[in-house]
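Join the two chains into one complex using the hints; note that each chain is given alone, in its own frame.
Residue numbers (the working numbering), protein chains in the order written: chain A, 1 to 86; chain B, 1 to 239.
Calculated from the structure, these hints are not laboratory results. Watch out, some of these pointers could steer you wrong.
Derived lysine-lysine pairs resembling DSBU-like cross-links, with alpha carbons at most 30 Å apart [unchecked claim]:
{"#": "1", "chain 1": "B", "residue 1": "Lys22", "chain 2": "B", "residue 2": "Lys40"}
{"#": "2", "chain 1": "A", "residue 1": "Lys2", "chain 2": "A", "residue 2": "Lys64"}
{"#": "3", "chain 1": "B", "residue 1": "Lys129", "chain 2": "B", "residue 2": "Lys96"}
{"#": "4", "chain 1": "B", "residue 1": "Lys73", "chain 2": "B", "residue 2": "Lys22"}
{"#": "5", "chain 1": "A", "residue 1": "Lys64", "chain 2": "B", "residue 2": "Lys73"}
{"#": "6", "chain 1": "A", "residue 1": "Lys19", "chain 2": "B", "residue 2": "Lys96"}
{"#": "7", "chain 1": "A", "residue 1": "Lys40", "chain 2": "B", "residue 2": "Lys129"}
{"#": "8", "chain 1": "A", "residue 1": "Lys40", "chain 2": "A", "residue 2": "Lys19"}
{"#": "9", "chain 1": "A", "residue 1": "Lys40", "chain 2": "A", "residue 2": "Lys64"}
{"#": "10", "chain 1": "B", "residue 1": "Lys96", "chain 2": "A", "residue 2": "Lys64"}
{"#": "11", "chain 1": "A", "residue 1": "Lys40", "chain 2": "A", "residue 2": "Lys2"}
{"#": "12", "chain 1": "A", "residue 1": "Lys19", "chain 2": "A", "residue 2": "Lys64"}
{"#": "13", "chain 1": "A", "residue 1": "Lys40", "chain 2": "B", "residue 2": "Lys73"}
{"#": "14", "chain 1": "B", "residue 1": "Lys129", "chain 2": "A", "residue 2": "Lys64"}
{"#": "15", "chain 1": "B", "residue 1": "Lys22", "chain 2": "B", "residue 2": "Lys129"}
{"#": "16", "chain 1": "B", "residue 1": "Lys40", "chain 2": "B", "residue 2": "Lys96"}
{"#": "17", "chain 1": "B", "residue 1": "Lys129", "chain 2": "B", "residue 2": "Lys40"}
{"#": "18", "chain 1": "B", "residue 1": "Lys40", "chain 2": "B", "residue 2": "Lys73"}
Computed from a predicted structure; not experimentally measured.
Residues per chain, in single letters:
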Amino acid sequence: MKARVTVYPRREILDPQGKAIRDALSRVGFAGVDDVRAGKSFEISLTGEDPEAARRQLRDMCEKLLANTVVEDYSVELLGNEGGRT
Amino acid sequence: MRCGVVVFPGSNCDHDVYHVLKHVLQQDVTFLWHQDDTLKGCELVVLPGGFAYGDYLRAGAMAALSPVMGAVKRHAEAGGLVLGICNGFQVLLEAKLIPGAMRRNQSLRFLCRDVYLKVERTDLPFTWKLREGQVLRIPIAHGEGSYEDSAEHLDALEANRQVVFRYVTPEGARADTDPQWNPNGAARGIAGICNPGGNVLGMMPHPERCSEPILGNTDGLTLLAGAVEAGSQVLGARR
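Next up, chain B with everything else stripped away, as it sits in the complex (with noise of 0.2 Å):
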């Protein structure tokens, strides 16, 4: 399946992410600059993590008005895949692609650890090799990652089933208010969200960062390759 990695000035998990699609799932991957107004013909997208245009103003702010975006938001809008992964999910939000916000850490520092996430959704592109209730330990590496909205809009998103991870004791219990294993303080412990059609996936843990057994942990990689294979069965379906 065609993947296109998009690249903003200040993108610094690119590369990562090109070597899990390219090396290790075999796929034919491109990068996109942000100044493309199209993506090339690519199937899945990623938005990868790093400090897009050097998070002036907001995190994501300036990242959400390229010219890439609009591309992205037309592929979003005719069903086509889209992955944000930390800054990646923070241009998402700021772009509206998906609801919400993100804060600075409750730490105020910038956190560089392992986390556990529990699957809350196995029925989407990106989660269908998961298990339902599964703990994944993935590794987050960001100082904005505080998810927000308010009250009423929380309740719709649960409601809407779109909280796809969230941040767990390894045994899988929620711990809303324990930062040891909340790392940020996320509201309701959330750590990706999807949109209403399950389409774009937005999430502040890196899987790319844990795909390989060499690095010591898969567990991203069951992640990427079902969004692959998700899309290469979407695409083989249509054609």
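Chain A on its own, in the form it takes in the complex (with noise of 0.2 Å):
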């Protein structure tokens, strides 16, 4: 079972990387772009077959390694076998 997991600076909390990114579009010519917020995402492969487990399991990575809490927030989301959304 193949799983992602992004990690993002929390909404509240000024994230420079992505105001700079922010202001970078706009300078190479993407009008509209109001806000980004620059994060990192880990394609995670796992041997269990249940969705359930899966979750719990690696919400617990989010915790325990994945994100720091106090300044970030995870989603986590399985994906099927090939790669694609389950």
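Printed below as a string of structure tokens:
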């Protein structure tokens, strides 16, 4: 089973990297970009088959290592074995 | 006193700290490898600056899970002295030995220059030789040093008097929103904090880089000497 975990700076926290990217997008001519949040994405392959157990495990991974919940939020999604969404 | 300097793959201020403790302060110093699971009898442990584990994932995140940090946690819980400098501060945060987190500097630039720090606590083993309100000039060298936590946690930190150093003007005035004096945009100008027991200190500036007259500045030496002398006294009393 494949999964994707995304980690972003929390909404209420200033994201200077995202702001710099937003400004750069305007500079290269993309109008109407209001906000950019720059985060990280992890593709994780799991050996188990139980989606609920997998979600639980992935959230645990975020709490313990993948995200620093003081300044970051995370989300977890399960993908099919071929990488498509389930 | 027996001092240990932890070496992670990617530490790069380990020899500087070793040099000051050993050759300037004449202490018994040893390096502790990140795979060690004991502190080899060290009474003061320093987590030095650098880029432990290449700062993979987040600064300090991988290092916080290394075997030596288990021993550092036990040492801290038993009241032992732990000093984290720069990357070492980031490791202490990720290991949750002190609260909060670091963000990229607000300028997004790596900053390497002198800053001014106001001493907010002089009753700690690390700071007892300093004067309350004293302004120190100590260099920083970091890209991710903007201290952050929720407003509620920051209030608790202040109420518990865990803020030890704050970025200020050379005259000692707060200037939290001015990047000239609060270089990285840290919340409430926080440059260094301690745990509630006061035996674990994390700070972004580098006292080991200003501890000898030949370097043109000895403001850092008072702090390191204080830690060493306080540690020796406590141990003397215990023996």
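To see whether the hints hold, each was checked on the structure:
At most 30 Å may separate the alpha-carbon atoms for a hinted pair to count; B/Lys22 and B/Lys40 meet this at roughly 17 Å. The straight-line distance between the Cα atoms of A/Lys2 and A/Lys64 is roughly 20 Å, inside the 30 Å bound, and the hint therefore holds. For the hint pairing B/Lys129 with B/Lys96, the CA-to-CA distance comes to about 27 Å; that is within 30 Å, so the pair holds. As the CA atoms of B/Lys73 and B/Lys22 are separated by approximately 24 Å, the hinted pair is consistent with the 30 Å bound.
A distance of roughly 16 Å separates the Cα atoms of A/Lys64 and B/Lys73; the hinted pair therefore holds under the 30 Å criterion. For the hint pairing A/Lys19 with B/Lys96, the CA-to-CA distance comes to about 29 Å; that is within 30 Å, so the pair holds. With a CA separation close to 44 Å, the supplied pair A/Lys40 and B/Lys129 exceeds the 30 Å bound. For the suggested pair A/Lys40 and A/Lys19, the alpha carbons sit about 16 Å apart, so the restraint of at most 30 Å is met.
A distance of roughly 16 Å separates the Cα atoms of A/Lys40 and A/Lys64; the hinted pair therefore holds under the 30 Å criterion. Between B/Lys96 and A/Lys64, the direct Cα distance comes to roughly 11 Å. Compliance with the 30 Å bound is thereby established for this hinted pair. Restraint check for A/Lys40 and A/Lys2: satisfied, since their Cα atoms lie roughly 17 Å apart, inside the 30 Å limit. Restraint check for A/Lys19 and A/Lys64: satisfied, since their Cα atoms lie roughly 28 Å apart, inside the 30 Å limit.
With a CA separation close to 29 Å, the supplied pair A/Lys40 and B/Lys73 stays within the 30 Å bound. For the hint linking B/Lys129 to A/Lys64, the alpha-carbon distance of about 38 Å lies beyond 30 Å, and the restraint is violated. Annotation: proposed proximity of B/Lys22 to B/Lys129 holds, straight-line Cα distance about 20 Å (limit 30 Å). Of the pairs offered as hints, the one joining B/Lys40 and B/Lys96 holds, with about 23 Å between alpha carbons and a cut-off of 30 Å not exceeded.
Only pairs whose Cα atoms come within 30 Å are accepted, and B/Lys129 paired with B/Lys40 is accepted, the gap being roughly 28 Å. Between B/Lys40 and B/Lys73, the direct Cα distance comes to roughly 14 Å. Compliance with the 30 Å bound is thereby established for this hinted pair.
When each numbered hint is compared with the structure, violations occur for hints 7 and 14.
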